[in-house]
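J.: Now for the letters of each chain:
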Amino acid sequence: MNVDHFKPLTFYTIYIASTPEKVWQALTSAEFSRKYLFRKCGRDRSEGRRRVTPDGALHINGEVAECVPYRKLAFTFNVNWPELVEKLGPTLVTYEIEKAGDTVRLHHERIT
Amino acid sequence: MSNSTFVYVTYIKTTPERLWSALTDRDFTRQYWLGAHCESDWKPGSSWKLSFEDGRVADSGEIVEADPPRRLAIKWRNQWSPELNAEGYSLCTFEIETVPGDNSDAVKLSVIHSIDRPESAFIKAVSGGWPRILSNLKSLLETGSVVLPKKA
Chain A
1 MNVDHFKPLT FYTIYIASTP EKVWQALTSA EFSRKYLFRK CGRDRSEGRR
51 RVTPDGALHI NGEVAECVPY RKLAFTFNVN WPELVEKLGP TLVTYEIEKA
101 GDTVRLHHER IT
Chain B
1001 MSNSTFVYVT YIKTTPERLW SALTDRDFTR QYWLGAHCES DWKPGSSWKL
1051 SFEDGRVADS GEIVEADPPR RLAIKWRNQW SPELNAEGYS LCTFEIETVP
1101 GDNSDAVKLS VIHSIDRPES AFIKAVSGGW PRILSNLKSL LETGSVVLPK
1151 KA
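Top line first, the protein sequences correspond to chains A and B. Residue 76 in the numbering used here sits at position 76 of the first sequence, and the numbers go up by one each step. To convert, take the position in the second sequence, counting from 1, and add 1000; that gives the numbering used here.
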């Protein structure tokens, strides 16, 4: 997939006391991600209760654009709320994992 | 003319009072601020400074707003780099909010640091520093230890 036409919109960097392997697993394991994705933060947002649905209905989907285990993961990110994909167009999310001493730097870009 | 802004939001498992104290207590700031520490009496109009351990002043300015434990705004100017100092004063705002909802014990911290000029080198510099400092602050409050040690 050619992702050159996407332009960076937001960046977020956090340092985590962990290893690249554990962070990678946390990002990519369905079981583990269920523990942190939208459980609390999603609840009180004014835009409503749109979060990953427990019944397994499709909420956000996309296609993996780049996958370098323990280092980098990029995927398109289409939010399946009514008319939102049409409004926003496709967006791209990139995670970069770097070792920083004994910690891990997780860099997250949302690109549109 | 547009300005330059850095925004960082993080959720921390703590109380607004503990977070306020973590931001304003000199000895506590020393634990997570990568070898520097903040000093002020935290009243509007009071002076504020961020010093390295050897006493050199890294940044200095003035408290613009202090509403414990909710909101703090600091007029902030770099003092160690002539290039960054020449950009003048920036404004750094800390907002502390409780997270509504049942059994929530998290606090939302927003740091907004901006300067009234486009493509600011100062804002670029703090954009690298804030994620380190705030990751340290979050880990320190939640686990009792920082993730990144002091600068060598």
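FYI, nobody ran anything at the bench for these hints, they're computed from the structure. Be careful, since some hints might not be right.
Said to hold, decoys possible - In silico BS3-like cross-links for lysine-lysine, where the CA-CA straight-line distance does not exceed 27 Å:
no. : chain 1 : residue 1 : chain 2 : residue 2
1   : A       : Lys99     : A       : Lys72
2   : B       : Lys1049   : B       : Lys1108
3   : B       : Lys1124   : A       : Lys7
4   : B       : Lys1150   : A       : Lys99
J.: Now, for every hint given, state plainly whether the structure supports it.
T.: Now for the hints, and whether the structure bears them out:
no., hint, in the structure
1, A/Lys99 x A/Lys72, "holds (12 Å)"
2, B/Lys1049 x B/Lys1108, "holds (25 Å)"
3, B/Lys1124 x A/Lys7, "holds (18 Å)"
4, B/Lys1150 x A/Lys99, "holds (17 Å)"
No hint from the list above goes unmet by this structure.
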